[in-house]
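Asks: Residues per chain, in single letters:
4 protein chains.
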Amino acid sequence: MKVGIVGGTGYTGVELLRILANHPNAEVAMITSRSEEGVAVADMYPNLRGFYDLCFSVPDVEQLQTCDVVFFATPHGVAMSMAESLVKKGVKVIDLAADFRLEDLDVWQKWYKHEHTGKHLFPKVAYGLPEYYRDAIQKADIIGNPGCYPTSIMLGLLPLVKAGWIDLNSIIADGKSGVSGAGRGASVAMLGAEMSESFKAYGVAGHRHLPEMKEKLAQQAGKDVGLTFVPHLVPMIRGMENSIYATMAVEKSQAEIQALYESAYQYEPFVDVMPAGSLPETRMVKGSNMCRLAIYRPEDSPLVVVTSVIDNLVKGASGQAVQNMNILFGLPETTGLQQVALLP
Amino acid sequence: MKVGIVGGTGYTGVELLRILANHPNAEVAMITSRSEEGVAVADMYPNLRGFYDLCFSVPDVEQLQTCDVVFFATPHGVAMSMAESLVKKGVKVIDLAADFRLEDLDVWQKWYKHEHTGKHLFPKVAYGLPEYYRDAIQKADIIGNPGCYPTSIMLGLLPLVKAGWIDLNSIIADGKSGVSGAGRGASVAMLGAEMSESFKAYGVAGHRHLPEMKEKLAQQAGKDVGLTFVPHLVPMIRGMENSIYATMAVEKSQAEIQALYESAYQYEPFVDVMPAGSLPETRMVKGSNMCRLAIYRPEDSPLVVVTSVIDNLVKGASGQAVQNMNILFGLPETTGLQQVALLP
Amino acid sequence: MKVGIVGGTGYTGVELLRILANHPNAEVAMITSRSEEGVAVADMYPNLRGFYDLCFSVPDVEQLQTCDVVFFATPHGVAMSMAESLVKKGVKVIDLAADFRLEDLDVWQKWYKHEHTGKHLFPKVAYGLPEYYRDAIQKADIIGNPGCYPTSIMLGLLPLVKAGWIDLNSIIADGKSGVSGAGRGASVAMLGAEMSESFKAYGVAGHRHLPEMKEKLAQQAGKDVGLTFVPHLVPMIRGMENSIYATMAVEKSQAEIQALYESAYQYEPFVDVMPAGSLPETRMVKGSNMCRLAIYRPEDSPLVVVTSVIDNLVKGASGQAVQNMNILFGLPETTGLQQVALLP
Amino acid sequence: MKVGIVGGTGYTGVELLRILANHPNAEVAMITSRSEEGVAVADMYPNLRGFYDLCFSVPDVEQLQTCDVVFFATPHGVAMSMAESLVKKGVKVIDLAADFRLEDLDVWQKWYKHEHTGKHLFPKVAYGLPEYYRDAIQKADIIGNPGCYPTSIMLGLLPLVKAGWIDLNSIIADGKSGVSGAGRGASVAMLGAEMSESFKAYGVAGHRHLPEMKEKLAQQAGKDVGLTFVPHLVPMIRGMENSIYATMAVEKSQAEIQALYESAYQYEPFVDVMPAGSLPETRMVKGSNMCRLAIYRPEDSPLVVVTSVIDNLVKGASGQAVQNMNILFGLPETTGLQQVALLP
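Chains as they are written, first to last, in UniProt numbering: chain A, 1 to 344; chain B, 1 to 344; chain C, 1 to 344; chain D, 1 to 344.
Treat the hints with care, since some could be wrong.
[As the list claims (entries may be wrong)] Below, simulated SDA-like cross-link-like pairs (lysine to any residue); rule was C-alpha separation at most 20 Å, straight line:
#1 C/LYS214 - D/GLY10
#2 C/LYS214 - D/GLU299
#3 B/LYS214 - B/TRP111
#4 A/LYS162 - A/ARG297
#5 A/LYS214 - B/ARG297
#6 C/LYS110 - D/SER301
#7 D/LYS2 - D/PHE329
#8 B/LYS110 - A/ASP300
#9 D/LYS223 - C/LYS110
[To be verified] Residues from chain C shown here face chain B by an in silico Cβ test under 7 Å; the list is partial:
#10 VAL87
#11 VAL179
#12 SER180
#13 ALA186
#14 SER187
#15 VAL188
#16 MET190
#17 GLY192
#18 MET195
#19 SER196
#20 MET274
#21 GLY277
Source of the hints: derived by calculation from the structure; they are not laboratory data. It should be emphasised that the depicted structure is a prediction, and the values quoted were computed from it without experimental measurement. Virtual Cβ for every residue (Gly too), placed ideally from N, Cα, C.
Pulled out of the complex, with its shape left as it was, chain A reads as follows (with noise of 0.2 Å):
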C-alpha cells in the first residue's frame, strides 16, 4: 500500500510516520510541505532517522493521485480542494482535519469562517470513529478523522446515550488535553515557560468540536443533546481525559451501568472497559492508540460520571486514522497498532 501524507510538518504528521514506520502493509511513498521543500523528514523529526529516506516535496495532484490512500494533516480546507481529484482516480482520502467530520455546512461555515466547497462528496464521506460508524467506513472513499475531545467524549458517552438511560438534556463534558492538542506552530501561550506548572480552562468562547459532537451524538440518538463542554489545558504533552457527568434518566445500579459498557465494547479492540472502582489514567495509553473508560456512580446522587482516556495524537488523531485506512483497506483493524503505551 502506497501511502502519501499531505502537510506532514506538524505533529499529527510525525506521529503518522511514527506509527507507519512499523505497519506491515504499508509504505510512505511521499510527504509534502511547502514550507519545508527539500528538507529530510529526518532532519526535521531526528526520531525518524534511521526510518525514512523521504524529504519534504511541494504537493502535486499527479504524484499523489499514484497512492492507494493520502492522508491530510494540514489546516482546515486543505483536503476539501485535493480530494475529489484523488477520489475520481480511486485514492482513499484521510483528513485528519475538519473539511469532512460536520454533514451541516451553516454550521461548519458558522465555526470554521471558511466557505466550505465540498458538499457534491459527501455520498463517499464517512465519519470515521470506527466503533460507531465501520460499516459506512468500508463503504466510503473519504474519511473525516474525528477530532479528539469528540472520540474521547462520544466513545465514553454513547453506550449510556443509545441504551436511553441518561438525560439527553444536560450533559457536560469537562474535558482535559495536554499541550500538543494546540499543535506545532510558534505561540507564546504555548511556550514551556507559560504552559508548565499551570492548569486552566480555556475556550470560553466555545470550541470547534463542540458542534461536531452535537451533530454526531444527535445522530446516535435519534434527538438532539443538550451538552456542556469546558475544556482545559494541562501541563503535560500527550493525552487527554474527560470526566462527563449526565443524569441519570432510568435508575440502574453502578453494576448494571458497568455490564451495558462491557458488552457495548466486548469485540472493540481499542476501548478498555476498566474493572469497578478504577479511574483511567492518561499514560495507561501514551503513545498507543487505546481508549479507556470507567464508570461511577457516585452514591446519593441522580448522577453517572464516566472519565476516558486517550492518546490525542493517536485514537485522538494519527492512530484513528491508521485504524480507519486498515478497514479502508480490509485489513484487520489492529495492523500496524499494537504500540504498548510507554509507561512510566
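Following the hints, complete the assembly by docking chains B, C and D onto the known chain A.
Replies: Leaving out everything else, chains B, C and D in the frame of chain A:
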C-alpha cells in the same frame, strides 16, 4: 506575637515558615517534630537558610503555652488533643488539619476513622473561611482552617447559593489539584516518574472534603445542597482549579451574575473576580494568597460555570491560616500576605 | 523462546514487558515478585491490559529452569544466587542489576556493600555492551547488562579512547538523568513535588557506575583512565544525557573526529552519530533503543566535547537486555527493538 | 524613588514588577512597550492584578527623565541609544541587556552583530556584579547588569581564581538553564510540547555569555583564562545550575577550599556557601535573589568541582538589577529582596 508550629516538617509547615519569615508582627519561637528533633529547620528546608536559626523540638505543651498562637500542621487528631490546654492559657489555636472543620461529629468520625474528643471545645471554634465566617473568627479561640477544595469551591459557589439563583439539588464540582496537596509522605503514586505527564481522576471512593463542603454549604444556604465532587490530579506542584457547574433556577444573564460576584467580593482583599470573558490560570496565584474567579454562562444552556483557582498551599492552607491569625489579633488582614504570584 | 522475568515490579521489569509484548520470537512465560504474588501484571501496570494474562508468582527455580532465558530485574545480589542453577540447565541469564558487571570483586564489594558469591561463574559471563563486547556475548551464558550511565558514556567516549587521540588522565563526564533512573521505590526525594521544576547534582559521595566505567575503560584502553563523573537529576521521567569533556592528545579537527565516529559506528544499528553541528536531545530516543551522539570541538580550546543521549530504561536497561538476548539466540539484533522514539 | 521600566513585556520586566511591588522605597511610575501601548500591565500579567494600575506607554525620553532610575528590560541596543539623555539629567540607568557588559567593543560587535555607539559613556559604567564590583557600582551612573550564566559561574569560580589555586588554562563550565532564560518570544523550540520531558545541550556555535565571562575573569585574574562553556536546556521554567570543573594548581583539601569560600562570602547577603557534602538544588533559590554554592573535591582526582545555583530571573536578572539599584541609592542592599524561595 510569639508563634509556635506543631508538626512543621510537611508542606504546610514549611509554607507557614516561608510566609511568616516576612510577617512584621510575628516571630516563630518554636517548631516541633518528633522525628526530626534537633535538626535545624534550614537543613531540612534549605530555602530557609538565613531566615531561621530554629531547630525542630519535641512538642511540649508548657513551652507552647508561652506562645500567643499555635498552628497545627499535623495529621488529624493532634490538634484536638492539645487545644484545650493551650486555650485555657489564652493561646489561640489554628488547626490546618480537619479536627475543627466539621460540626457533625458522626460525619467526622465516619470519614476520618478516628474518635473525636473535642466536642466540648466547639463553642470556642470558628470555621476559618474569612469571607463568610469573619465575625465568628474574630470571637473564636480555635480556628478550623478549611480544606483547599472547600476554600476554592465555596468562594466560587456561595454568591450564587446565597442569592438563590441556582438549583441546589445537583451541583457539580470538577476539581483539579497539583501534587503538593498529597503532602510530603513517600508514596509510589506521587513519585515524579508516576505523576508527571499524566492526568487522572482520583478519590472514587469519596473525598473527605465533600462532607466539609456539604455541611458548610447547607449552613450558608439554609438547606441541604446536592453536590457531586470529582477531584483530579494535575502534573504540577502547586495550584488548584475547580470548574463548578450549576443549573440556573432563575433566568439571569452573564452580566447579572458578573455583577453579583463583583458586588459580593468588592471589599475582599483575597478574592479577585476577573473580568467577563477571562478564565483564571493557577499560575496567576502561585505563591500568593489570592483566589481568582471567573463566571461563564454558556449559550443555549441552562447552566452557569464558575472557574476558581487558588494556590492549595497558600489560600488553601498556610496563607489562609495566617489570614485567620491576623483577624484573631486585630491586624490588617493582608499583613504579611502581599506576595505577588510567581509568574512565569 | 520462553522467557522468565525475576522481579518484574520495577521500571526495568515493566519495560521488559512492554518491549517483549511485540517481540516475534519471545513469549514471557513467568514473571515473579514475592510481594505481589497472585496480582495480575495488567492490574499493576494497566498499560499492559490486553497484552498479558500473567500474574506475578513467587520465584521458583524449577519453573525458571523450564525457560530459555531468564532476566533478573531485581536488586543487586539476587541474580548471583540463582544464576548457577539456571545455567547448568542451559538457561541463559541476563542480569539487569550489577552482579556481573565488575570483574574486580574487591571493588564490587566496596561499592555494593555485599559479599560476592559468584566468582566461579565469571568464565561464563560477558559484559553486555554489544558494540564493544559482541563476540564475548555470543559465547556467554550470563550477561552483566551495563548500567545506564556506563552505556551512554562509553559509547560516547570509546572511539576516542581506542584511537589514542585523547589524554586519558583527566576525562570529565557531566551526566544528567531523568527520575525513572531512581526506580519505583517510594522516597521523599523522588516525589513529584520535590523533583519537578528543579535541577541538581547528586551522588557527591560517589556513584556506583564510576567503578564500572573505570574498569571497562581500562580494559578497552589497555591502561588506567582518570575519570571524574558528576551525575545530575533532570525533572523528567525518561532519558539521559552525558556531556563528556576530554583533552586532545593529538591535534585533530572536528571533521576528523566526526569521521572517526562515523566509521566506528557505521554498522551499529543502535548508535547514531549525528551530523556535525547537531546536538542530540533526549526526546529523540524516548522509548527507543538508540544512542545518539554528537561531537563538538570548541574553537580556541584543547578540548573535545561529546554529547550522548539514551533512554535510560531502554538502551540503558531493558532494551539493551533484549538486544543481548537476540545476540545470545542468534536472532537479528534489532528484532523487537524497532520502536520509533515518541516525539513529541 | 521614582522608577521607569523600558520594555516591560518580557520575563525580566514582569519580574522587576513583581519585586518592586513590595520594595518600600521604590514606586514604578512608568513602564513602556510600543506593541502593548495602552494595555494595562495587570491585563497582560494577571498575577499583578491589585498591585499596579499602570498601563504600558510608548517610551518617551522626557517622561523617563523625570524618574530617578530607569531599567532597560529591552533587546540589545536600546539602552545605549537612550542612556546618555537620561544620565545627563541625573537619572541612573540599569541595563538588563548586554549593552554595557563588555568593555571590548570589537568582541561585543562580533557577538551581538550590531554597531556599538556608547563607548564615550564607559567612564560612567560599572559591571553590576556587586560581590566583585561593588565600589565601582556605587560611583557609576550606568550599570551593565550581568548575564545569568556569568553571575552564577563567576560567583562560583572567582574565589579559586583570585586565590591562584587553580590552573587557568582549562576550566569547564557545564551550564543548565530553565526555559524562561529564552524569553517570552514565540518559538517552536520553546513550546511546551517540544521542551518538556527532554534535555539537551545547545549553543554549539557559541554563547554570548562566554566572551562576557572571559573578559571579566581576565580582569579579576589579571590574565587570560581558558574557559569551555557548554549550556544545556532543562525542562523547567526557572532556575540555573552550573557545574564548574577546574584543575588544582596548588594542592588544597576540600576543607581548605570550603574555608576559602566561606571567608570570601561571609559578608555577602546573597551568596550562600553550603556546608561541605551538600549539593545545591535550583528549587532552593526559586523566586529568591540567592546564589547557593557547594564545593566538591573528588577523591583520586586533580579536579575541584563547584556547583552553583541561582534563579535566572532574579539573581540572574531582575533581582540583581534591584540589588544594584539599592547600591546606587545607598539603601541596604537587601531592601525589597528578602523573598524566601518557593519550596515546594
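Asks: For every hint, state whether the structure bears it out.
Replies: Outcome of the hint check:
no.: 1; hint: C/LYS214 - D/GLY10; in the structure: 47 Å, violated
no.: 2; hint: C/LYS214 - D/GLU299; in the structure: 14 Å, holds
no.: 3; hint: B/LYS214 - B/TRP111; in the structure: 13 Å, holds
no.: 4; hint: A/LYS162 - A/ARG297; in the structure: 18 Å, holds
no.: 5; hint: A/LYS214 - B/ARG297; in the structure: 18 Å, holds
no.: 6; hint: C/LYS110 - D/SER301; in the structure: 19 Å, holds
no.: 7; hint: D/LYS2 - D/PHE329; in the structure: 12 Å, holds
no.: 8; hint: B/LYS110 - A/ASP300; in the structure: 16 Å, holds
no.: 9; hint: D/LYS223 - C/LYS110; in the structure: 44 Å, violated
no.: 10; hint: VAL87; in the structure: 33 Å, violated
no.: 11; hint: VAL179; in the structure: 4 Å, holds
no.: 12; hint: SER180; in the structure: 4 Å, holds
no.: 13; hint: ALA186; in the structure: 4 Å, holds
no.: 14; hint: SER187; in the structure: 5 Å, holds
no.: 15; hint: VAL188; in the structure: 5 Å, holds
no.: 16; hint: MET190; in the structure: 5 Å, holds
no.: 17; hint: GLY192; in the structure: 4 Å, holds
no.: 18; hint: MET195; in the structure: 4 Å, holds
no.: 19; hint: SER196; in the structure: 5 Å, holds
no.: 20; hint: MET274; in the structure: 25 Å, violated
no.: 21; hint: GLY277; in the structure: 30 Å, violated
In this structure, the earlier hints numbered 1, 9, 10, 20 and 21 are contradicted, and the remaining ones agree with it.
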